[in-house]
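Participant: Listed below are the residues making up each chain.
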Amino acid sequence: MMEKLKLGVFELTGCGGCALNVLFLYERLFDLLEFYEMGEFHMASSAQGGGHYDVGIVTGTVSTHRDLELLKNARNRSDYLIALGTCATHGSVQASVELPIREKLKAVYGDEGNPMKALDSKPAVEYVAVDLAIPGCPYDKEELYQALMNIARGADPVRPDYPVCVECKLNEYECVLVKRNLPCLGPITLGGCNAACVRSGLGCIGCRGPLPGEVNPAGEYEILRGLGYNGDYIVRKFKTFARWEP
Amino acid sequence: MIIELHEFTRVEGNGRAEIVVEDGEVKDVRLKIVEGPRFFELLTLGRHYYDVPDLEARICAICYLAHSVASVMGIERAFGVEVPEEIKLLRELGLIGELLESHALHLYLLVAPDVLGYSDAIRMATKHGELVKEGLALKAFGNRIRELIGGREIHGINVKPGGFGRYPTVEELEEVERQSEALLKLAKRAVRLFAGLGPYGERAKHFVATDGYLWGERLISEGGEPFHYTERIEERSLVYSFAKQGKYNGESFLVGALPRLLLKAKMLTPEAKRLFEEQRERLETGYVSYNNLAQAIELVYSLERAGEIAKTLLDRGINGENVPVEPGEGEGIGYVEAPRGVLIHHYRTDSEGKIVYSNIITPTALNHAMMEASLLKEVRALYGEVGEGEMVKKLEETVRAFDPCISCSVHLVKL
Numbered sequence: 113m114m115e116k117l118k119l120g121v122f123e124l125t126g127c128g129g130c131a132l133n134v135l136f137l138y139e140r141l142f143d144l145l146e147f148y149e150m151g152e153f154h155m156a157s158s159a160q161g162g163g164h165y166d167v168g169i170v171t172g173t174v175s176t177h178r179d180l181e182l183l184k185n186a187r188n189r190s191d192y193l194i195a196l197g198t199c200a201t202h203g204s205v206q207a208s209v210e211l212p213i214r215e216k217l218k219a220v221y222g223d224e225g226n227p228m229k230a231l232d233s234k235p236a237v238e239y240v241a242v243d244l245a246i247p248g249c250p251y252d253k254e255e256l257y258q259a260l261m262n263i264a265r266g267a268d269p270v271r272p273d274y275p276v277c278v279e280c281k282l283n284e285y286e287c288v289l290v291k292r293n294l295p296c297l298g299p300i301t302l303g304g305c306n307a308a309c310v311r312s313g314l315g316c317i318g319c320r321g322p323l324p325g326e327v328n329p330a331g332e333y334e335i336l337r338g339l340g341y342n343g344d345y346i347v348r349k350f351k352t353f354a355r356w357e358p
Numbered sequence: 002m003i004i005e006l007h008e009f010t011r012v013e014g015n016g017r018a019e020i021v022v023e024d025g026e027v028k029d030v031r032l033k034i035v036e037g038p039r040f041f042e043l044l045t046l047g048r049h050y051y052d053v054p055d056l057e058a059r060i061c062a063i064c065y066l067a068h069s070v071a072s073v074m075g076i077e078r079a080f081g082v083e084v085p086e087e088i089k090l091l092r093e094l095g096l097i098g099e100l101l102e103s104h105a106l107h108l109y110l111l112v113a114p115d116v117l118g119y120s121d122a123i124r125m126a127t128k129h130g131e132l133v134k135e136g137l138a139l140k141a142f143g144n145r146i147r148e149l150i151g152g153r154e155i156h157g158i159n160v161k162p163g164g165f166g167r168y169p170t171v172e173e174l175e176e177v178e179r180q181s182e183a184l185l186k187l188a189k190r191a192v193r194l195f196a197g198l199g200p201y202g203e204r205a206k207h208f209v210a211t212d213g214y215l216w217g218e219r220l221i222s223e224g225g226e227p228f229h230y231t232e233r234i235e236e237r238s239l240v241y242s243f244a245k246q247g248k249y250n251g252e253s254f255l256v257g258a259l260p261r262l263l264l265k266a267k268m269l270t271p272e273a274k275r276l277f278e279e280q281r282e283r284l285e286t287g288y289v290s291y292n293n294l295a296q297a298i299e300l301v302y303s304l305e306r307a308g309e310i311a312k313t314l315l316d317r318g319i320n321g322e323n324v325p326v327e328p329g330e331g332e333g334i335g336y337v338e339a340p341r342g343v344l345i346h347h348y349r350t351d352s353e354g355k356i357v358y359s360n361i362i363t364p365t366a367l368n369h370a371m372m373e374a375s376l377l378k379e380v381r382a383l384y385g386e387v388g389e390g391e392m393v394k395k396l397e398e399t400v401r402a403f404d405p406c407i408s409c410s411v412h413l414v415k416l
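Sequence order for the protein chains is A and B. In terms of my numbering, the first sequence opens at residue 113 and continues consecutively. In terms of my numbering, the second sequence opens at residue 2 and continues consecutively.
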């Protein structure tokens, strides 16, 4: 029998969903366990970590010194490191509050200062190089499953390179931007979620971050302005999950 | 001397405890929430109301729908919007789905390894594969309901002020009715399994819940008379924790499945009520460890109630119409029962419907003082009697009984 790859899951600050979602591959989790041996994963296991990992998964933003140490440690110990979820790849919602950390802490906790060594929330990818970034708030479980299977086979994971609109068209959903004038960020957002929000008849909120390459946020801005949306509203929408500049 | 324990495992988010020992005597235990702050109330300030529930959903993955619904209710109350029975029933169905997936996760994957003596469910699966699969089946069904009502398993955006983006179809509701009946026997088995857990942790003196089973207009406590949170609950910052701590009339108290059962037994469905009566004496002692058993009984409640709601909606037919929302200046509070207890979203809005004040109080912050009291009791019994490894294991079990949601608890604001 071939030797299994060692997999570790490292959780920085976030909602917990990205780590949790690994468990909820349901029966396919057991398929993955044919190829991987689960190492540290503190949400799911009391097993203590240590040692080297073939594949490491890091979720969340760096929001404290503890997070930063954990992230560097994960990088140093993993051959192949995956930044999983929009917190790790783009910062997501918690990185969108633009006040300096001291002011934020004061507003929330009063005048005690910064006793717990909090940092401004930033995505993991700003601190360390990663081998693969899978965005999404939450990410699509299928994409993670395929990526881990590909890595186990020694193949390069597939990286989507098209906007959400492509998945809308494939599903034959009505265009909520053109037909219903809803503020939809689908045209400039990286696909891979199977157009989850448009499936509910609502506009894409941009949780997978900007489409790399020839994305045109200025054009999207103009379209939304033309539909009567306020400029500040649009800019805040752009900046919610990733720091898009219109 | 301060003994710092390592981070708790098999809980959602990052937390640890330190024990203060003076002259060989345990003086205090501090529960430190070390998960970084996430500033959710600051994030929502100045935002247009329409986008706020989607943002608040991101507070937590396990209970995103409770945050969406509490947020939507707070906003609707601020604008004076009343929604019809159909929308209320669908929201309740969503919350039930969340109760199922969250309780199943907690009981089968996080607590069961303690009951059976394993470090995690994956290692437990070699000998107890059936049990793990039963837990995953309940969890998957809960998530399926969340997908139907919320739009996605995690962080959906389908719950909106005034209604939904998309309504479930007849076929989907029939599936809910069928599945809730089929899974009921698994839930009943869970009650037997978790009835075996003994008493540990502190005994709660006060219990708080919403006045309806899964949401309410106000809160109730063991007195029964409804009140607003501002009248009896106070929060304070702690220098050693990113989560604040709530007190009820200045004392520690409990929110969660156990308080729901004790305060609202009359509202239970038939089989859940029967099981509650069977276990009543034990539950009424108020030991926090019985929260696990209470959650198992709620699995039964959730499946029975999900079936009832699906049947009611199928009999009446789905109308699928949203209520118009007129934004304006106002103030509103949404009270919802997240799986692990009372969740409060409180907003004030301006004339354009932007958020100008936001306060969110989560169950883990409300339970924080009770968790510390429970840890202190356990440490006093164990310190010097057993090794550190053994002690940490027991303390983890005690914290786990609260089903803490640490990610949720780290962003509370006072403006």
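Calculated from the structure, these hints are not laboratory results. Some hints could be false.
What the hints assert, rightly or not - Restricting the straight-line Cα-Cα distance to at most 27 Å, the calculated cross-link-like pairs of lysine-lysine (DSS-like) are: (1) 312/B to 189/B; (2) 33/B to 253/A; (3) 253/A to 291/A; (4) 161/B to 184/A; (5) 218/A to 134/B; (6) 253/A to 189/B; (7) 128/B to 291/A; (8) 128/B to 118/A.
Unchecked claim - For each label pair, taking beta carbons as the anchor points, the in silico distance ranges come out as: (9) 325/B to 357/A: 31 to 39 Å; (10) 387/B to 325/A: 27 to 35 Å; (11) 7/B to 348/A: 56 to 64 Å; (12) 265/A to 388/B: 20 to 28 Å; (13) 321/B to 274/A: 27 to 35 Å; (14) 235/B to 243/A: 19 to 27 Å; (15) 183/B to 257/A: 21 to 29 Å.
Predicted model, so just to flag it, every value in this text is computed and none were measured. All residues carry an ideal CB built from backbone N, CA and C; glycine is no exception.
Participant: With reference to the structure, classify each hint as holding or not holding.
Facilitator: Hint check results:
no.	hint	verdict
1	312/B to 189/B	21 Å, holds
2	33/B to 253/A	32 Å, violated
3	253/A to 291/A	30 Å, violated
4	161/B to 184/A	40 Å, violated
5	218/A to 134/B	46 Å, violated
6	253/A to 189/B	30 Å, violated
7	128/B to 291/A	55 Å, violated
8	128/B to 118/A	22 Å, holds
9	325/B to 357/A: 31 to 39 Å	35 Å, holds
10	387/B to 325/A: 27 to 35 Å	59 Å, violated
11	7/B to 348/A: 56 to 64 Å	40 Å, violated
12	265/A to 388/B: 20 to 28 Å	44 Å, violated
13	321/B to 274/A: 27 to 35 Å	32 Å, holds
14	235/B to 243/A: 19 to 27 Å	48 Å, violated
15	183/B to 257/A: 21 to 29 Å	27 Å, holds
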